[in-house]
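Peer 1: Listed here are the chains, written in short residue letters.
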Amino acid sequence: MSFFVDENTRLIVQGITGREGTFHTEQMQQYGTNVVAGVTPGKGGTEVLGVPVYNTVREAMERHEANASVLFVPPKFLYGAAYEAIMSGVPLVMTIAEGTPVHDMLKLHHLAKEKGVQLIGPNSFGVISPGKAKAGFMAHRIFSKGRVGVMSRSATNCYETVFLLKNAGIGQSTVVGVGGDMIPGSTFVDVLPFYEKDPDTDVVIMIGEIGGSEEELAAEYIKKYVTKPVIALIAGKNAPKDTSMGHAGAIVSPDGEGSAESKEEKLRAAGVHIAESTEDILRIVKTLV
Amino acid sequence: MSFFVDENTRLIVQGITGREGTFHTEQMQQYGTNVVAGVTPGKGGTEVLGVPVYNTVREAMERHEANASVLFVPPKFLYGAAYEAIMSGVPLVMTIAEGTPVHDMLKLHHLAKEKGVQLIGPNSFGVISPGKAKAGFMAHRIFSKGRVGVMSRSATNCYETVFLLKNAGIGQSTVVGVGGDMIPGSTFVDVLPFYEKDPDTDVVIMIGEIGGSEEELAAEYIKKYVTKPVIALIAGKNAPKDTSMGHAGAIVSPDGEGSAESKEEKLRAAGVHIAESTEDILRIVKTLV
Amino acid sequence: MKLLEYKAHEVFHEYEVPSIKGFTVSTPEELERVDGKLEYPVVIKAQVQTGNRGKAGGIKFAENRDQLLKQGAEILGMSIKGLEVKRIFITEKVNIDKEMYLSFTMDRKTKLGVLIFSPEGGVDINEIVEKNPEKVAKVILPAGEEIDDFTLQYVIDKTGLKQSYHDEFKNICKKLYRMYVHYDCLLAEINPLVITSEGHLKALDGKVDIDDNALYRHPNVKEFRDEITENPLVLQARGFDFLYIPIKDRGNIGVISNGSGMIMSSIDLISKRGMEVTCALDLGGGATADRIQEALKIVASNPQVDTIFINIFGGITRCDEIAEGVQQSIDEIDTNRLVIRLEGTNKEKGLQIIRNIGGNIELVDGLYEGVDALAEGMNK
Amino acid sequence: MKLLEYKAHEVFHEYEVPSIKGFTVSTPEELERVDGKLEYPVVIKAQVQTGNRGKAGGIKFAENRDQLLKQGAEILGMSIKGLEVKRIFITEKVNIDKEMYLSFTMDRKTKLGVLIFSPEGGVDINEIVEKNPEKVAKVILPAGEEIDDFTLQYVIDKTGLKQSYHDEFKNICKKLYRMYVHYDCLLAEINPLVITSEGHLKALDGKVDIDDNALYRHPNVKEFRDEITENPLVLQARGFDFLYIPIKDRGNIGVISNGSGMIMSSIDLISKRGMEVTCALDLGGGATADRIQEALKIVASNPQVDTIFINIFGGITRCDEIAEGVQQSIDEIDTNRLVIRLEGTNKEKGLQIIRNIGGNIELVDGLYEGVDALAEGMNK
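Chains as they are written, first to last, in the numbering used here: chain A, 31 to 319; chain B, 31 to 319; chain C, 510 to 889; chain D, 510 to 889.
So that you can see chain A by itself, here it is in the shape it has in the complex:
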């Protein structure tokens, strides 16, 4: 099965005429993703890599029965493009841009929930179901098809993990870049149910980091609803307090909110396997598959 993106995905690329958009559209096509339409306001009527371009998401949706959209737009335009996608009825919207204002994401996060739209990212590499399709800019060569699900706040830690898995002959079902921002479109808790009900996923790897309380909330959810084994890594244990570690979301409050200790404690109590490092993830996965 897998979820979010696969052989049934009919993808719109917003910002397809930009340098990044065009480059990654080609990458996605080569990987086998069915890119049905592009959207760039003002470029309607043109074509990129054989993909028709429209001025509006709504027209692209109507003409191609698209069911997902990925946004290759700069952070300044992310709000507008995601807002348009959500309001035009796209059920799955994946965002990439790093550096999106928090107040923009605050509005989008709640709007997407209210409209029943699955919003992924931003500050994320996207989503990939290895061997089937990808939406985003991840280096797909290091991914391989298999039965381990991975969701991650960090791209590099995810790459490292997937790379170790591949070298050990362990493939992935669906890999989701939840993203490193303070307010993501979808949190671990939002993605977990998909892994739980995906018949192609046996084990879930959750790559978290300091800051916020997504891992704590995930622990509560896992305790109640998740029957599959979950392995978690919390990066940033040794990061200084009240200092941004690059990801807008990876910051421990002066009062200690968002510390790795709190996350690991809650996760452990929920029966989650805690990994100390990416290599440690591999060690634990091997005991489970």
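It is worth saying that the hints were derived from the structure and are not from the lab.
Built from N, CA and C at the ideal position, the CB exists for glycine as well.
There's no promise every hint is true.
[Unchecked claim] With a straight-line Cα cutoff of 30 Å, these simulated BS3-like cross-link-like pairs (lysine-lysine) come out:
hint : chain 1 : residue 1 : chain 2 : residue 2
1    : C       : Lys564    : C       : Lys716
2    : A       : Lys271    : D       : Lys640
3    : D       : Lys620    : A       : Lys227
4    : B       : Lys137    : C       : Lys679
5    : A       : Lys106    : C       : Lys684
6    : A       : Lys145    : A       : Lys253
7    : D       : Lys679    : A       : Lys137
8    : C       : Lys731    : B       : Lys137
9    : D       : Lys595    : A       : Lys271
[Said to hold, decoys possible] With beta-carbon atoms standing in for the labels, derived distance ranges:
hint : chain 1 : residue 1 : chain 2 : residue 2 : range
10   : A       : Glu144    : C       : Gly795    : 37 to 47 Å
11   : B       : Gly62     : C       : Glu654    : 41 to 51 Å
12   : A       : Lys143    : D       : Glu541    : 50 to 60 Å
Place chains B, C and D on chain A using the hints.
Peer 2: Only chains B, C and D this time, still in chain A's reference frame:
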């Protein structure tokens, strides 16, 4: 069981210090409804009929674990009061006022859906589960406890029906005043699932009228999801086109949208029993219970 | 409340919707003041709440001052379909390249606003939809104060509106939508929305229908409400907070009831028995004896009405108040028949009062019995 | 970006949040211009990005012109915790009846704004919460531009704020919230929010933290960003679009990597082995050789750093570009050790370049191996 209001209802009355609010609070109390708090901005700290009054819905919710609110406020203040109730986490909000601006209800209808709040009315007598509790101003003496569900756009047609039922010894489970406005908080389709899953309801009576497309949408829903017998009356067959019949919602467009014929045809096709009059409803109910 | 053309133009102006220049005149004397303010030829249009003014001679052109004064005075003296022309609207004559259609209205199904645009306009929108459905863009709008740019772009792409009009089109849509929301409109329609020979978009004629329930927010238009309500009985009823509904020009029965649903049910049952209701009056809830007296007088004053059916199911409304109202008015109304059904609060008290009045009032028990009585009477 | 006090007051003024009157001065000469504009006594406060100014002598009072000139010049010449005082903020001295606390910030759990108010203020909010939790009202706010009246009423009822301050309190909340939203704040705090002896509410001191990612929308504050960033390496790195993160004052290792997650993982692993990272630099994605050369120079220029660990997992970032950057900078950096791990795009090409540089660069295969190598070196 019954639904919306019953012995477990912990009701807030918004506008409790007004003439109507106080009068009907007493009526509701006498009927056995558990009115736990009242809200009137500026009157916080006072008491009405032994019920403590607060300035805000939020405080009333927190202090009394209320689970429903009924609004006795003039149409001018309906938007503000319903908005406050929805934003304060009241899961069930019942509105009464006649003459609420359509644009106000447009906003409230969608806000309630987005926030997962059940909004009933306005231009409605409220909700009653006979013998258990009532929230609204309906003349409760004509209702009786039983196993027939009734939902109605019109108060008077509902009274007439319930009166005939009572005289025939047929009681009701829950009676919902969907209300006569152009945009109700909840439509027939929103209420039908409650009747379908209520073990105390055997038959559903739907009292519709000309205008809009709620009855057509209900027909679609019934066809797919409702297993209990449904009886429908469509009032206003002989009303002139493009003329308001008093209810803001009861108007057939110049192009014929909202005609009784269209509604009856669709309902019939969905297996709904069409009644020609309130007396006819009684005749059909008798064949079903 | 449907605004007359000149008033619609006033609110267009208020919201900076580009529309034609015009002046409103209500006496022949005022016509002179308009001369010189517009370039000739000008168009003179009767302001009455009815369609097909043109065929009835309510629209005329004037090439110069003399024609303006003459034609203007003529139209001001006319009556169209029985409606006296109290105002005329005098506008510049626009050279038109193309007529289009634009409106915002309520979509009952989605409970949201909807934008309807067609580059073919000038006639009724239903006609346009029938003839050129592919040229009509209909877009449901989310709740909000503003319309999104991508929505307008979609409409443009869908209908193939020429590039050179895009900016003006978007501007008109945004302003008209703002007006639609702020003025609590049920309909804000520009038809035709014209492209002038000079290549600009302008609202030539418009329909604006404002939600009666929201008129308290719009005192500047509310005051015109009574002026455009031409039926004096509707006006009289409104004065007492009743709703008087003209049903059919034919018919001899007037129905009085306490709720919209009950009125519709009464009419349905009466009609089913082959009788005809000419008007109905909705008392609303909780009417007192004095107000009921007035309601009866209003219905009885309709010369078509020879039979009144009072059908009350009292909740807030008390049957004894109804009965007292009948008692108070009984000598002032000359209706042939009076059939009364009372149910609900204080029923017995009410019945007793009616019985005491005596005369030929027909008291019935139940709606069905009432309609039966009406039918029997007709067959006599 | 955390605004300095005077700048926070400027944005308070812009949004009409009642706050104290004050003037900013950056040279002793300017002090004279302030004399006469404020009633004495006045307060003189050093504007530096650090707490506890008072204890360090950074806050003084002046009773008259002479004291103002003297004390002002003194503070302008100071340095506090190693930070030069470039600006002072001179304000009226307010007579205070009561100190309260008010802030808007982000609630990470609900992903919404939150209002925090306490009628006890003047100290750190965490201290207030600890001492008087029942006197703190914390209300999650829905997404939007405005704050609802009933929310503020709830806060008032919850905390028992006196009736006479309700209007001013609501006004301050509404304005501060508008500022919080429009200025893309992560924090907008007034502490203390004082009740003056005259019975009015005023913002005495404030903290405003603006989202760095939204600074492009606020050019008027963006220009002050570099001014308040006191670490010159952070500034230098920013010039090349890198993020330089000071980790510990101790430590001898500098980490360079291409992503926040990888940086944290590297620090975690290194720390676990008992070594200490003093700083890290995030290259972001797709850095070119020239930029990498600069990154190396920045990290190497930190006198604490004697060992640099370059850990790259290249996706967009190409290993050959990294290697070329190392090659270009190798003669300009005098670091003791250079441990490099390259993985991903163009790995082999990159490794070849590194090998060609020769010298004592330690090439490792994998993050673990890199940390092993670091540890071994330390043990030598």
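Peer 1: Holds or violated: are the alpha carbons of A:Lys145 and A:Lys253 at most 30 Å from each other?
Peer 2: 28 Å, holds
Peer 1: Between A:Lys271 and D:Lys640, is the straight-line Cα distance small enough, at 30 Å or below?
Peer 2: 23 Å, holds
Peer 1: Can you let me know if the beta-carbon spacing of A:Glu144 and C:Gly795 is within 37 to 47 Å?
Peer 2: For C:Gly795 against A:Glu144, whose Cβ atoms are near 40 Å apart, the range 37 to 47 Å holds.
Peer 1: Assess, step by step, whether the Cα of D:Lys595 is no farther than 30 Å from the Cα of A:Lys271, and give holds or violated.
Peer 2: 27 Å, holds
Peer 1: Could you grab the alpha-carbon distance between C:Lys564 and C:Lys716 and see if it respects the 30 Å cut-off?
Peer 2: 19 Å, holds
Peer 1: That 41 to 51 Å hint for B:Gly62 and C:Glu654 (C-beta), does it hold up?
Peer 2: Between B:Gly62 and C:Glu654, where Cβ atoms are some 44 Å apart, the hint holds.
Peer 1: Hey, B:Lys137 versus C:Lys679, does the alpha-carbon distance stay inside 30 Å?
Peer 2: 24 Å, holds
Peer 1: Does the structure keep D:Lys679 and A:Lys137 at a Cα separation of 30 Å or less?
Peer 2: 24 Å, holds
Peer 1: With a cut-off of 30 Å on the C-alpha distance, tell me whether C:Lys731 and B:Lys137 pass.
Peer 2: 23 Å, holds
Peer 1: Given the hint of 50 to 60 Å, check if A:Lys143 and D:Glu541 actually sit that far apart at their C-beta atoms.
Peer 2: 58 Å, holds
Peer 1: Check the hint pairing D:Lys620 with A:Lys227 against an upper bound of 30 Å on the C-alpha distance.
Peer 2: 26 Å, holds
Peer 1: Hinted pair, alpha-carbon criterion (30 Å max): A:Lys106, C:Lys684. Please report holds or violated.
Peer 2: 27 Å, holds
Hint violations for this structure: none, all hints satisfied.
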